[in-house]
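> Build the full structure now, drawing on both the sequences and the hints.
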Amino acid sequence: MKVKYFAWVRERIGKAEEIIEPPEGVRTVDDLIAWLSARDETYAYAFEKRRVIRAAIDHAHVKPEAAIAGAREIAFFPPMTGG
Amino acid sequence: MTAPVTIRIQESDFDVAQEIAALSEGRTDVGAVVTFSGICRGTEGGDAIAALTLEHYPGMAEAEIRRYAEEVTSRWPLQGLTVIHRFGRITPGQNIVLVVTASQHRQAAFEAASFLMDYLKTSAPFWKQEESAKGKGWVEAQAHDDAAVARWTKP
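Read top to bottom, the protein sequences are chains A and B.
Counting in our numbering, the first sequence runs from 1 upward without gaps.
Counting in our numbering, the second sequence runs from 1001 upward without gaps.
There could be a bad hint or two in this list.
[Stated by the list, open to error] Think about it this way: if two alpha-carbon atoms lie no more than 30 Å apart in a straight line, the pair counts; the simulated BS3-like pairs of lysine-lysine are:
(1) A:4 / A:49
(2) B:1134 / A:4
(3) B:1134 / A:63
(4) B:1134 / A:15
(5) A:2 / B:1134
[Stated by the list, open to error] Simulated coverage check for chain A against chain B, where a stretch passes if three residues somewhere in it have a Cβ under 8 Å from a Cβ of chain B:
(6) 37-45
(7) 59-71
(8) 75-82
[Stated by the list, open to error] Calculated Cβ distances over 10 Å to all of chain B for the following chain A residues:
(9) 13
(10) 14
(11) 15
(12) 19
(13) 20
(14) 21
(15) 27
(16) 28
(17) 30
(18) 31
(19) 33
(20) 34
(21) 53
(22) 56
These are calculated hints, taken from the structure and not from any lab test.
Note that the Cβ used here is the ideal one computed from N, Cα and C, for glycine as well.
In structure tokens, the structure reads:
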């Protein structure tokens, strides 16, 4: 699946998007954050304020407990500040 | 009948008068047009701002605004709705966002525009970065924006 990062999450990870293949046990958005954070320090730093990180699956906002099965694109970003 | 909805996410500026005309010109059924323009301020908390750079999530930005536009047209009797949100580098005095609502009566037009702006601020995937003498920094989300959205939730 494709993962995209925006704003300071993107800056901390150092890339705007990537293709990942999480193992089977990674079932929810929260699991995915934990799995990515365990990969290396840049992810751990990007996701350190876990409660403020927002996520979207296929262009719609989702909660941390949302299942990622079947997702084409998952995005992580800080709270929105548009308008 | 559902109102025509126009949503544009663009780097270029927009012309407010032209967008009003697009919703009301040549029509006799529109009795009220409300516009909200969001403009880049030159100061923030006493600090001078050189510019804002707006990052967005292409694809989701339009999809998210469309979801709220559909809710707006189902909650209020509108005859037209236009939402334009810019991205890229914007300097003080320049336009950032525009909401135009057209209705037969003013109350629906005011409320629909207000609702859309409250949701835009907290749900549309845009992020502002400020440039000032201190350097660049991401704007933090405001608790009062979340409170503004909460007032629209049906009991």
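> When the structure is checked against the list of hints, which entries are broken? Sort them ascending.
Per hint list: 3, 5, 6 and 22 violated.
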